[in-house]
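S.K.: Here are the chains, one letter per residue:
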Amino acid sequence: MTDVDVDRDGLEPGRTSVDHGITARIKRSDAFRSIFRHAQLDTPRGRALQSFSNFFLHLYPVKIPKRVLRNRYSYRLGFIAAVLFGILLVTGIYLMFVYTPSVGSAYGDMQRLKTGVGFGQLIRNIHRWAAHLMVLVVFLHLVRVFYAGAYKAPREFNWVIGVMLLLLTLAFSFTGYLLPWDQLSYWAVTVGTGLVHYIPLLGGKTQDLLIGGPQVGQNTLLRFYALHVAVLPMFLVLMLAVHIWRVRKDGFAVQRTSVGAFAEEATERPAAAAAAAPMAQAAPDLYGGRVRLLGVVDRESITEAARPVDDTVFTWPHLLVRHVVVALGTSAIVLGLAVAFSAPLRGLANPNVTPEPAKAPWYFAGLQELLSRFDPLVAGILIPTGAVLVFLLLPYIDRNPDTRASHRKVAILLFSVLLAIAVGLTIIGVFFRGPGWKFIAPWTHSYIEL
Amino acid sequence: MPRDRPEPPPFEPEWLERSLNRYLAWGLVFMVLLLVGFVAYRVREPGLRRSATRAQTTSYTDIGHQTFSASCSQCHGKDASGGGSAPTLNSSQFLKSTTDAQIFSLVAGGVSGTEMPAWSLDYGGTFTDEQVRQVVTYLRSLEPRAPSVPGWRQSDKAK
Numbered sequence: 001m002t003d004v005d006v007d008r009d010g011l012e013p014g015r016t017s018v019d020h021g022i023t024a025r026i027k028r029s030d031a032f033r034s035i036f037r038h039a040q041l042d043t044p045r046g047r048a049l050q051s052f053s054n055f056f057l058h059l060y061p062v063k064i065p066k067r068v069l070r071n072r073y074s075y076r077l078g079f080i081a082a083v084l085f086g087i088l089l090v091t092g093i094y095l096m097f098v099y100t101p102s103v104g105s106a107y108g109d110m111q112r113l114k115t116g117v118g119f120g121q122l123i124r125n126i127h128r129w130a131a132h133l134m135v136l137v138v139f140l141h142l143v144r145v146f147y148a149g150a151y152k153a154p155r156e157f158n159w160v161i162g163v164m165l166l167l168l169t170l171a172f173s174f175t176g177y178l179l180p181w182d183q184l185s186y187w188a189v190t191v192g193t194g195l196v197h198y199i200p201l202l203g204g205k206t207q208d209l210l211i212g213g214p215q216v217g218q219n220t221l222l223r224f225y226a227l228h229v230a231v232l233p234m235f236l237v238l239m240l241a242v243h244i245w246r247v248r249k250d251g252f253a254v255q256r257t258s259v260g261a262f263a264e265e266a267t268e269r270p271a272a273a274a275a276a277a278p279m280a281q282a283a284p285d286l287y288g289g290r291v292r293l294l295g296v297v298d299r300e301s302i303t304e305a306a307r308p309v310d311d312t313v314f315t316w317p318h319l320l321v322r323h324v325v326v327a328l329g330t331s332a333i334v335l336g337l338a339v340a341f342s343a344p345l346r347g348l349a350n351p352n353v354t355p356e357p358a359k360a361p362w363y364f365a366g367l368q369e370l371l372s373r374f375d376p377l378v379a380g381i382l383i384p385t386g387a388v389l390v391f392l393l394l395p396y397i398d399r400n401p402d403t404r405a406s407h408r409k410v411a412i413l414l415f416s417v418l419l420a421i422a423v424g425l426t427i428i429g430v431f432f433r434g435p436g437w438k439f440i441a442p443w444t445h446s447y448i449e450l
Numbered sequence: 451m452p453r454d455r456p457e458p459p460p461f462e463p464e465w466l467e468r469s470l471n472r473y474l475a476w477g478l479v480f481m482v483l484l485l486v487g488f489v490a491y492r493v494r495e496p497g498l499r500r501s502a503t504r505a506q507t508t509s510y511t512d513i514g515h516q517t518f519s520a521s522c523s524q525c526h527g528k529d530a531s532g533g534g535s536a537p538t539l540n541s542s543q544f545l546k547s548t549t550d551a552q553i554f555s556l557v558a559g560g561v562s563g564t565e566m567p568a569w570s571l572d573y574g575g576t577f578t579d580e581q582v583r584q585v586v587t588y589l590r591s592l593e594p595r596a597p598s599v600p601g602w603r604q605s606d607k608a609k
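Protein chains in written order, with my numbering: chain A, 1 to 450; chain B, 451 to 609.
Honestly, the hints are just simulated from the structure, not real lab data. Careful, some of the hints might be misleading.
Label pairs and their calculated CB-CB ranges [to be verified]:
(1) B:N471 with A:S372: 49 to 59 Å
(2) A:L201 with B:T549: 52 to 62 Å
(3) B:L498 with A:S446: 18 to 28 Å
(4) B:V493 with A:R70: 36 to 46 Å
(5) B:R468 with A:T43: 17 to 27 Å
(6) B:A475 with A:N54: 52 to 62 Å
(7) B:A475 with A:P200: 50 to 60 Å
(8) A:S446 with B:A505: 19 to 29 Å
(9) B:A505 with A:V237: 36 to 46 Å
(10) B:T549 with A:L57: 25 to 35 Å
(11) A:S446 with B:V493: 21 to 31 Å
(12) A:T43 with B:R494: 48 to 58 Å
(13) B:N471 with A:A31: 24 to 34 Å
(14) B:A475 with A:V410: 41 to 51 Å
Here a beta-carbon is modelled for each residue, glycine too, at the ideal position from N, C-alpha and C.
Please model the entire structure based on the sequences and the hints provided.
M.R.: Written out as structure tokens, the structure is:
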């Protein structure tokens, strides 16, 4: 019986009589079968066909190791970030319908969301909360990937793409911050773009290019709007596609379990390792000395004989259902935040009245804190640029191929110290700084605006 | 229902099915939460909108008053009470017979054949739409206490 036969008679295997029920009739119709090309069979082959015959499921492998189902495996942070981006796209389009990037009307449009647009304020709240969460989640994703050592071969390049995605996310959040055109956004962006000024030689020109004039004004609003709704989405979608594609290409859940070999944990077995050893010796220069078993020889040909355990499960429905549920949960949390806490809207932007304190958005508060302590050139340019470069090139700096924590103590220690400093500075900047950037106790008065 | 052969044995372990069902249950919970969230907001929305509109009216009235004093009162008189060359706007006759949209287009586009210029930036004036709206809000705020001025069109000449 071929694949087609199963469908043509509309019968599940083992059934001989024709069911005249309405669902069965629909399932037998040509239209239904032109869309869902296979019957939902509860057999290994049936479930594999679900994946093969579905465009969207091609993002996933047909089968995945069981451990991927565990939340602890990745905390699903990358997926949650993608979900948040989806929420931001949808709500962003809604906001575009009612927003004009002009200093004369932007603030009025924000007020109109409150007073006249159905679900307007809610959509704005969702957009704002999803944006904050996305910055946070993308950052946590980076931290998780570091601690798992998942940036090591063969995933070096995907780490680079990932760091770029983090930078894009920050740029997204920062450009969006200006759009309400209230005092909060105006001064956060004035403070933020002020940093650019400290770049040696090119500082002035770059700042001009960014804000389009001597101070944040109509040109800045239009530029930030164009970046926010056209340029950045284009780049982010493109890079995200590459990121996800590489996740798939780099083996999805395949991980290096030991130095020098590259094997699927689920199917790892002595026979495979033994078979790989001569290959490694035979072709030591392949891939710059790193021999990949999967790349050299068809895994099946070695392991067919010795396949004692099948530790894999079908992506459909197991991983897919979990992903859908995580997406629903993420949406529910964002909605809960949006209903409970409204996005702030202070007075109309006024270049002549500086609010106290004028704070950068929270994710730059650490940088602002650093600036208050060091020379602007050092704190505003050298340290951030250096940090970004080190992060971008991390997989090429840290050449230790081992992913086990006990074998990469130095890397973990260095990273943890840097992480603690960055988080500490951010917490001080966000919670412990008041008017005039003076030290205040957060329990006496809070100057946090999200 | 007759069968050719017996049901094949389940090909996936039971714990996997159980865990899948657990997730499906969570999915239902989240869907309910989402629904509840939207409904909760929808219920609160009219109240939120009313208070936002009140707050906006108060601030627009103030700003509109300032704009009016700076740009309009030379002709329309202090606090729109007439006395200049232009109509008395603080009159129940004018305010009762004109909608907000009409006042908006009068201010934005001007009145041809008179001294009233177009104020909107769109037509070569100096006001943004927001400022025009603020002036409209200010004038509307006068309505409850507006005196009766039958000859409001002629301003002081009619008095």
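S.K.: Taking each numbered hint in turn, which are not upheld by the structure, reported in ascending numerical order?
M.R.: 6 and 10
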